[in-house]
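Residue numbers (the working numbering), protein chains in the order written: chain D, 175 to 251; chain A, 498 to 767.
For the record, the hints were derived by calculation from the structure and aren't laboratory data. Every residue gets a Cβ at the ideal spot worked out from N, C-alpha and C, and that includes glycine. A portion of the hints provided could be inaccurate.
Interface residues of chain A toward chain D, partial, derived using beta-carbon atoms under 10 Å [said to hold, decoys possible]: (1) ILE504; (2) ILE511; (3) LEU512.
Here are a few chain D residues that sit away from chain A, every Cβ distance over 12 Å (derived from the structure) [claimed, not checked]: (4) ASP182; (5) LYS196; (6) ALA203; (7) PRO215; (8) VAL218; (9) ASN227; (10) VAL232; (11) TRP243; (12) GLU244.
Label-pair ranges, simulated between beta-carbon atoms [said to hold, decoys possible]: (13) ALA733/A - ILE202/D: 41 to 47 Å; (14) GLY578/A - SER241/D: 30 to 36 Å; (15) GLU180/D - ALA591/A: 36 to 42 Å; (16) ARG607/A - GLU231/D: 55 to 61 Å; (17) GLU231/D - GLY753/A: 58 to 64 Å.
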Amino acid sequence: MKADRELDLKGEICPYTFVKSKLALEEIAVGEVLRVVVDYPPAVENVPRSMENEGNEVLSVQPIGPSQWEIMVRKVG
Amino acid sequence: MFTEEQIRRYSRHILLPEVGGAGQRRLLAARVLLLGAGGLGSPTAYYLAAAGVGTLGICDPDVVDLSNLQRQILHAEADLGRPKVDSAAEKLRALNPDVRVVCHRTGIDRGNALDLLADYDLVVDGTDNFATRYLVADACHLAGKPLVHGSIFRFEGQVTVFLPGEGPCYRCLYPEPPPAGLVPSCQEAGVLGVLPGIIGTVQAAEAIKLLLGIGRPLVGRLLTYDALEMDFHTLAVHRDPACSLCGDTPSITALGEYGFSCEVGACPTA
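Extracted from the complex, chain D is given alone in its bound form (with noise of 0.2 Å):
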């Protein structure tokens, strides 16, 4: 899948993962979709927890590398 909208985040910790998240998410219109790369492990489950409590769908959260991890999410509201 192709994201319209990448963001790495490896070396952030939380919340900014999730608060830098949300502001991309902000940026790109409903329907887009935004690749969000993090490799600080409790991020893996608070980012897609946040997003999706926010109305947003998460559509994979899969690891990419040692310690790295992709989240795929798709602007809902």
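Here the structure of chain D is known, so what remains is to put chain A in place on it, guided by the hints.
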């Protein structure tokens, strides 16, 4: 676009669904005029500056007096004798360099009121005498500016919000000033030092809600607080169709005389 520093500074706002990045940008673009850098204005100014309200006008003619320090937490011993606006500006700039602090070292009067209000989106009243409150209420109504009203007395305080064109105004609540002799001076009355902290902080919360357009502001509602009972009450206030300021046929269409003397002349801000 936010800077890295701003993302961190405002992260707890941005996390709130009701605020987000868009709301924080609104705060940064907002211009608020604080009337008085005293007991009410101190906490209001501190929280609005911390919140990143982009322009804060501070209007106060006074210098810092030792008797102020019991409640006016923007000021410290080293500020004794300094203009309150200068003391306030220094503290607010130190707290948040994003905020542009504009000092108006003057009282508000019928001659300068409309010019002062013109540059601001919202007004917070932290003055402590009836003459100024009526002037501010009239000026905000005539200029169409939202007004966050607060007042304190001994152990009790009040907060309400006046939105021109929506709900009642100050004169619906109190049509005429009380007779001058009936109102004790602040020296006679005294005030619990923490009281303006509570009331001024409620004013700051209402100001931020209005700037963000969230929640239910105290429009048509008077919040009263009693520190001895530790009790908050909310009373409904209705617009008076016969009101001299906002009624159907208002008699006040320009700023008038607010001549009755300031009963608390020694301390123009609470």
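Consistency of the hints with the structure:
1. Because the smallest distance between the Cβ of ILE504/A and any Cβ of chain D comes to about 6 Å, under 10 Å, the interface hint for this residue holds.
2. For ILE511/A, the interface hint holds, the least distance from its beta-carbon to any beta-carbon of chain D being 5 Å, beneath 10 Å.
3. The interface hint given for LEU512/A is met, as the beta carbon of that residue sits about 6 Å from the closest beta carbon of chain D, less than 10 Å.
4. At roughly 14 Å, the least C-beta separation between ASP182/D and chain A is larger than 12 Å, which holds for a residue marked as non-interface.
5. Here LYS196/D does not stay apart from chain A, with its beta-carbon only about 6 Å from theirs, under the 12 Å limit.
6. With a closest Cβ-Cβ approach of about 14 Å to chain A, ALA203/D is found to remain outside the 12 Å limit, as its non-interface label requires.
7. Every beta carbon of chain A lies more than 12 Å from that of PRO215/D, the smallest distance being close to 20 Å; the non-interface claim holds.
8. Annotated as non-interface, VAL218/D keeps its C-beta farther than 12 Å from every C-beta of chain A; the closest such distance is 18 Å.
9. Non-interface call for ASN227/D relative to chain A: violated, since the shortest CB-CB distance, roughly 8 Å, does not exceed 12 Å.
10. Distance check on VAL232/D: its Cβ is at least 17 Å (rounded) from any Cβ of chain A, clearing the 12 Å threshold; non-interface status holds.
11. Distance to chain A confirms TRP243/D as a non-interface residue, since its nearest Cβ pair spans about 21 Å, more than 12 Å.
12. A cut-off of 12 Å between C-beta atoms confirms that GLU244/D is not in contact with chain A; the least separation is 22 Å.
13. Checked against the hint of 41 to 47 Å, the pair ALA733/A and ILE202/D passes, with Cβ atoms roughly 44 Å apart.
14. The hinted window of 30 to 36 Å between GLY578/A and SER241/D is violated, with their beta carbons roughly 59 Å apart.
15. Between GLU180/D and ALA591/A the CB atoms are about 38 Å apart, so this pair conforms to the stated range of 36 to 42 Å.
16. Between ARG607/A and GLU231/D, the C-beta spacing of about 58 Å keeps the proposed range 55 to 61 Å intact.
17. As the Cβ distance of GLU231/D to GLY753/A is approximately 59 Å, the hint placing it in 58 to 64 Å holds.
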